[in-house]
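Line order of the protein sequences matches chains A and B.
Numbering of the first sequence is given in my numbering, commencing with residue 851 and proceeding in unit increments.
Numbering of the second sequence is given in my numbering, commencing with residue 12 and proceeding in unit increments.
Hint data in this document are derived by calculation from the structure and do not stem from the laboratory.
C-beta atoms are modelled at their ideal positions from N, C-alpha and C, and glycine is treated no differently.
Possibly wrong hints are sitting among the right ones.
Not everything, but these chain A residues come out facing chain B in the computed CB check (under 7 Å) [as the list claims (entries may be wrong)]:
hint	residue
1	E864
2	W877
3	G890
4	G892
5	L893
6	G901
7	F940
8	G957
9	G959
Covered stretches of chain B, going by a simulated chain A footprint (3 or more residues, C-beta under 8 Å) [stated by the list, open to error]:
hint	segment
10	52-62
11	117-123
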Amino acid sequence: DAEITQSPRHKITETGRQVTLACHQTWNHNNMFWYRQDLGHGLRLIHYSYGVQDTNKGEVSDGYSVSRSNTEDLPLTLESAASSQTSVYFCASSGVAALSYNEQFFGPGTRLTVL
Amino acid sequence: GEDVEQSLFLSVREGDSSVINCTYTDSSSTYLYWYKQEPGAGLQLLTYIFSNMDMKQDQRLTVLLNKKDKHLSLRIADTQTGDSAIYFCAETLCPRAGNMLTFGGGTRLMVKP
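This is chain B alone, in the form it adopts within the complex:
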C-alpha cells in the first residue's frame, strides 16, 4: 500500500535554508508534489517532479528525488517569514486518470526573524 511520511516540525532562522524531507513507499509513483498550506487556507501547489527526474529547481525551491531510497526533499533557499506554513508532500500513480493523491502528514515550518 501507499504510505507517505514526513517529520512534523522544522524551525529555521530567516535567511537560512530549509530542507523538508519526505519518504514514500510506492515505487510506482509517477509524480510527486509539494503543496503549501498557509494558516486558515487550503493547499496550493508549490512544485512537482516527475519520477524520471532527479532534481528540479524553481527560483528559491529545489526538489531532490532519490528513487532508490524513495526519498523526496524540498529545499527553500533564503527562507523568509512568509514561508512559514505547513508543507505537504504527495504522490500519485497516474496523474491523467483523475489524479488521486496520497498525502503525507505535513511538516510545519516556522521561520524566526
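Bound-form chain A, shown alone:
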C-alpha cells in the first residue's frame, strides 16, 4: 500500500546543531508539505514543493530549508536548531489528481526537542 513515512519519530538535539528530518512518500504525489504543530497554533506551513527542484516558503520558514531532488522525498533541515523550534513536525503530500478536493495525506509526525 502507498504510504508516507517520517524519520526519526523522536529526536532530541542541542541548540546550534543542524538537524534533518526525513519524509518519504510512495504515492508518486507531486505536492509535498512540511508543517509544524504547536499548542494553540494548529498546523503552520513551513515549506512546500510542487515537484522536483521546486521549493517554496510557507508561513514560518525562517531557520528551515528543504530540497526536492526526486518525487518521493522532501527532507526538512534546521540549519542551526533553536529552542523555539521544539515542536511536532508533520509532512504531507497530495496529488494533481482526479480528486477535485485534493486530499492531503499526512505522515505520523516527528517530535523534535531542542535543548
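Given the coordinates of chain A, assemble chain B onto it according to the supplied hints.
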C-alpha cells in the same frame, strides 16, 4: 489574510451529539475540510464541503456551511469514545493548484463513557 478559528475544547457524553464549530475570514475559500488527529498520529481527512454547498451528510457526520457568516460546523451523531481526538478545520482557495491549506488551531473532543 486568512484566519481560521476554533474553540479549544469540547466534552460530551457517549451517545450524545457533538458539534464542533469553526469560523474563517477568507470569503474566497473554495473547499473547507475537517481533519481528525488521534493521539500520536498524523491528520486524516474526515470530510470536506465545497463552498457552493450548505450541507453535507456522511453517515454520522453532518457538515454545515454558512457562507454569509463564514461559519463551518461538524456534527457527530451518537458520539463514541473512539471519536475522542483533535478535530481541525481547514480551508483552501484553490485545491487544484497544490492545495495549500490554512488550518484552525484544533478542537480537542473528549467523550466520556
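Worksheet item: Failing hints, ascending?
Response: 1, 2, 6 and 11
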